[in-house]
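Novice: Chain by chain, the residues:
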Amino acid sequence: MVAVAATVAVSIGGGYIIPVVVLGALVIPPAVVAGVLGRAVRWSVLVSLPIAIAVAIVSILGRAGATVLFTLGPFRATLEGVDYAAQIELRLFVLAMTLAVFGLTTEPRALIADLQRRGVSARLAFAAAATLDAIPAMAARARQIEAAQRARALDTEGSVGARLRGAIPLVAPTVLGTLHDVEARSLALDARAFDRTGMRYLLWAPGDSERQRLARWLLSIGLLAIIVGTIGGVVPRLP
Amino acid sequence: MLELCSVRYRYPGFARPALDDIDLTIGEGETVGLTGPNGAGKSTLCLVASGLAPASIGGELTGTVRVDAEPLGRRPHELAGRVGIAFSNPEAQLAGVASTVFEEVAFGPMNLGLAVVETVARTRAALAALGIDDLAERHPARLSGGQTQLVAIAAMLAMRPRHLVLDEPAAELDPEGRALVAAALRSLAASGTGLLVAEHDVDLLAVIGARMVHVRDGRLWAGGTAADGRAVAVPVRRAPEASGAPVVIRCENLEFTYPDGTPALTGIDLTIRAGERVAIVGRNGSGKTTLVQLWNGLLRPTSGLVEIASRPTVGRPVAALAREIGLAFQDPNDQLFARTCQDEVAFGARNVGLRGSELQDAVDGALASVGLADAERVNPHDLGPSRRRLLALACVLAMQTPIVVLDEPTLGLDGDERSRVASVIAALAEAGRTVVAISHDARFVAGSFDRSIVLEAGRVAG
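Chains A and B, in that order, give the protein sequences.
Oh and the first sequence: position 6 is -9 in the working numbering, straight run, nothing missing.
Plus 40 on top of the position in the second sequence (first one is 1) and you've got the working numbering.
Among these hints, one or two may not hold up.
As the list claims (entries may be wrong) - Incomplete in silico selection of chain A near chain B, CB under 10 Å: (1) Arg61; (2) Glu65; (3) Thr90; (4) Ala132.
Claimed, not checked - For the chain B half of the interface with chain A, some residues (derived, Cβ under 10 Å), not all of them: (5) Cys45; (6) Leu152; (7) Ala408.
Simulated from the structure, these hints should not be mistaken for laboratory data.
Everything numeric in this text was worked out from a predicted model, so none of it was measured.
Built from N, CA and C at the ideal position, the CB exists for glycine as well.
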C-alpha cells in the first residue's frame, strides 16, 4: 500500500514538495528500518541515471522558455527547461527508490498471501512474487556472465568504445540464459501441478494489525486528497 | 505399474521421432536405470514416462503410457499425483517463492488445492521419507547441492506419485550429495515407489540396484542386465608435485573473504609447475571455483599472494591475465553468444591477439580436438547441452594459453565425450601446457591427472 501510494502521489502531483515529502515520509523510513537504504540508493541511481541524462539534455536544450541561461549552436538552454528536468528527475529517482525498497523488503510469500486475500488468482499472485524474486537472481547471473566473458579477455575495464563493443557478449547470454531458465522452470512448475486453476490454501498469512489497517486508511485518504487537490488546482501539476 | 507400450514420440516441429518402438515396464518398488549416450533419447523418455511430453511440451505421441492400467492424464496437474519427475538441476526445480524447505515441499500439495491439514501431513511425510526433517526450517537457497536435490525429490513425493522419474539426479552433486541421493532412492524403492533413473554414472545405478536399460537412437537396446549393487571405489591420487619445471601458479598464505563477510579461502599455500595436470577436488562450497577465479584476476585476494608465471596478479587486468590462463566456466550458457560455433571459438582467441591464419588454425584445431569440426557453421544454441560444454572447452583451447583451467569439464558428458576430454587433456600435457580441472568425477580425476589438491572448507586438506 505504501509503494502504491508513493507511486501514484509522485506520478500525479507537480512541484517539488510532494516527491520530497513522499521520499522523506514513505520511502526512506522503511528503508532505514530494514537496513537497505544504501542498496536501494545505489540501485535507484544506477537505474535512473541513463534516463535522467537523456531527460536533462532534451529538457534543458529543447524546452522553450523566457529566461535563457546560455546558447549552444541552434539550442537555447532555459531556466524553465532546467526546472522541468529537475522535477522529472526527482520523480524518476523517487519512483526507482520506491520500487527498490519494495523489492528489497517484501517477502515473496507475503506478497502471494496478500494478493490472494485481495482476490488475485493464485497463479497470477505466484507469478508476481516470482518476478520479485527473480530480480536478484538475474543480477547474480549477469555478474557470472561478465566474469565468464572477462576470462575470455573481454575488455570491460577499458575505453567507452571497448565497453560498448563488449555489450553483445554480455547481453546475449543473459537473455538466452533467462529463456533456458524459463523453459526449465516452466516444466518443473507443470510437474508440481501449477497449471491447476482454483483456490490454494496457504500455510501462512502475514500479520495485519489494527495499526497497519489504520495506516492504510490514512494513506488512502492522503492519496485521495492529492488527487482531488491536483484536479482542483490546489496541488501544482507538472509544467 | 508404469507401462510404456509401443511408444513413439515426436517433438513439435520435428519430422523424425525422438523415440520409437519403446516398450518398458516398471513395477512397484522396482528401479530401472536408463543409460546411453547424450542425444540418444534418455531425457525424452523421462518426459514421456512422466507424461510431460506431450502434456506440457506438445509433440505427437503414439502408443500408450499407463499407470496401474489407467492412461496418464492430458493436463500436467492430472499427472502430478501419479508420476513425479525430478531433473538434474535442483535449483531450477524450486518454486523460488518459499522461505523455508517446508513451504517449498508443500508447494505441490497446495497447487492440488488440498486442505492445510492434508498439505502439512504430506509435507511432513515426504521430508521424513528422505530423512531430511531437520532441513524443514532452512531457507531453500542456502542448502548444498545434494540437499537441494533431496528437497526437489521430496517436493515430488509430497504429491504422492506411484512412480518417480529422475533425469540425472546426481549430475551436479559432489560425492557426499550423490551418497545422500543414492540412499534416498534405495529407501524409496524399498517403500514401494517405482523408479526410472536416467544416469551416466553406472556406479550410482549399481549402488541403487537398478535394472539397466540402454537407449540408443531413440530405441531401447539390450535391457535386463542386473547391477551387482557395488560401486567401484576410485582413489584420489595425491602424488607429490613434479620438481624441476618452472612454477607457473603460486599461492602464498592466500585468503579471500566475500564482500558480505563470508570467508571463502584461508591460508592457501600451493604451487603448480609447468606441464602438470592437477585436479582440484572437494565438496560443493569448499572454495574450488573461488580459488581459480583468484588466479585469473576475476577476484582479488583479501590478503596473501597469487603469482602467475612468477608475477603477482595484483595490478594486472583480467584481460592481460587471460593471455596466461584460460578458464572454462562450469555453465557454458554463461558465455555462448555468437551466431556460429566458429565465431564463438574465435572470440577469445581474437581478444588475446591472434589474427589471420594463426587465428583460423587455432579455431579449426580447437573445434576438431573436441569433435565439433562438423559444427563450425552451427548456432551454439542449436547444440545439445553436452556439446555446448565441449564448445566452451574449445573456446579456451583456441586462446592457446600456457595454463588451461577447466571447471567441471565432464559434467553431463557421456562415455565417448568424457574420453574425448581426457584425450584433449593428455594432448595439452604432451605439449607442455599446464592443465588444472575442478571435478567431482573420481574416475576422470584418477585417469587424467598427475595429482589432486583437496579443498575442505576453504583450506588445502591434502
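Novice: So, for every hint listed, does it hold in this structure?
Specialist: Tested hints:
Interface restraint check: arginine 61 of chain A against chain B, minimum CB-CB distance 44 Å, threshold 10 Å, status violated. With 10 Å as the threshold, the beta carbon of glutamate 65 of chain A stays out of range of chain B, its nearest partner Cβ sitting at about 44 Å, so the hint is violated. For threonine 90 of chain A, the interface hint is violated, since its Cβ never comes within 10 Å of a Cβ in chain B; the closest pair sits about 14 Å apart. With a cut of 10 Å, the hint placing alanine 132 of chain A at the interface with chain B holds, because the nearest CB-to-CB distance is about 5 Å.
Interface restraint check: cysteine 45 of chain B against chain A, minimum CB-CB distance 23 Å, threshold 10 Å, status violated. Interface hint status for leucine 152 of chain B: upheld, as the beta-carbon distance to the closest one in chain A is roughly 5 Å, under 10 Å. Because the smallest distance between the Cβ of alanine 408 of chain B and any Cβ of chain A comes to about 20 Å, over 10 Å, the interface hint for this residue is violated.
Hints 1, 2, 3, 5 and 7 from the earlier list are contradicted by this structure; the remaining hints agree with it.
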